[in-house]
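Start from the sequences, fold in the hints, and give me the full structure.
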Amino acid sequence: MKKIHCAERPDWKQTAENLGFLFHTIDNEPYWDESAYYQFSLKQIENDLEDPTTEIHGMCMDLVARVVQSEELLERLSIPAPFFDMVRTSWLEGHPHLYGRMDFSYNGTGPAKLLELNYDTPTSLYEAAAFQWGWLEQCIERGLLPKHADQFNSIDTKLHQAFAQLQLKQPFYFASMKDSVEDKGTTDYLRLVAEKVGIESRHIDIEDIGLTSDGRFVDLEDRWIPHLFKLHAWEFIFHEPFGAAIAQSDTQFFEPAWKSIISNKGILPLLWEFNKGHPNLLAAYLDTEPGKAVPKGWVRKPFFSREGANIELQTADGLIVKEDGPYTDAPFILQEFAPLPQFGDSFTLIGSWVIGDQAAGIGVREDNSLITKDSSRFLPHLILD
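Just so we're aligned, residue 26 is where the sequence shown starts under our numbering, counting upward by one.
DSSO-like cross-link-like pairs, simulated, lysine-lysine; straight-line CA separation at most 27 Å:
#	residue 1	residue 2
1	K317	K301
2	K321	K301
3	K347	K321
4	K221	K203
5	K68	K28
6	K172	K68
7	K38	K221
8	K172	K28
9	K347	K398
10	K398	K321
11	K172	K27
12	K301	K68
13	K28	K38
14	K203	K398
15	K38	K172
16	K398	K28
Since the hints were made in silico from the structure, they are not lab data. Just so it is clear, the structure is predicted and the values come from calculations on it, not from any experiment.
Okay, here's the thing in structure tokens:
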């Protein structure tokens, strides 16, 4: 695993905007960064990232099957009791899912260590699936990279397969919050994939979804929403007015409600509890004293934190790093600290994608901190032996 500095394509910004990748720069800071790329060997990809992703995904599915049958475990994950049946039913009826992302600390030698599971509303999908693949192809065409360079990236192909298997005959709505350019870009990409396999798709802002007196979700023209992909987390929906109507509605939700089990950090202690000592897992426990200082060599995380918010860590040599944020009232976990590798002045995180039930590719993000935040940068990668 190497970080290789390289020349940017002079026209990459125009290319991004032509493709609808409008969040390549956020708050005047680069988000997409092709001034360097990460180079992996095929062995590193297959043995240290792809295989563990497949194995951990299987462990997660086994754990969901266990959790839905236990009110005690559902409570441990802070899923509200009125939604137990809905979550359980969505699993037992086999409601289909599309994607998820695991975040790993990995420095080029195994084992990669699982930091988090992002299985409900993971971001960076478009840039991982499509834009970094376009970068690779164009750089090879222009002679900037060797012709035999490859990439661990079948995300787009597997997404097409996953949508095709749904065999939907009615319109599929894709929803994101009005004020998020990034979320709209992600849902627009998923819409495009759906259209390519023959599914009629429509966009709707989450704020514009209506509910009829007989419990049907509708769009602004009072048309029924039969299938809805919502880039909006279940832990929010559980506490919103329309949430209570979902179980009795006739709308199929993506991601399904059972994803709430593996999209909060409370799952990490359970994964450890049932798979203790697994080489890709970090020791993790419910934090029963969140007011105390974080011990050396540990990280404190809220169940529902996003983009590094409210995470605090202390390294083995006593360095304390923490991020403020709004997630102050959720339960917390303590997780063994696995430092991100440092390349120059950046710390590097690997996001490994699962599409359907298959490991499908990776995305690499960098930050200037041991905590990866919403200010992180996305860099492309390639495989070169």
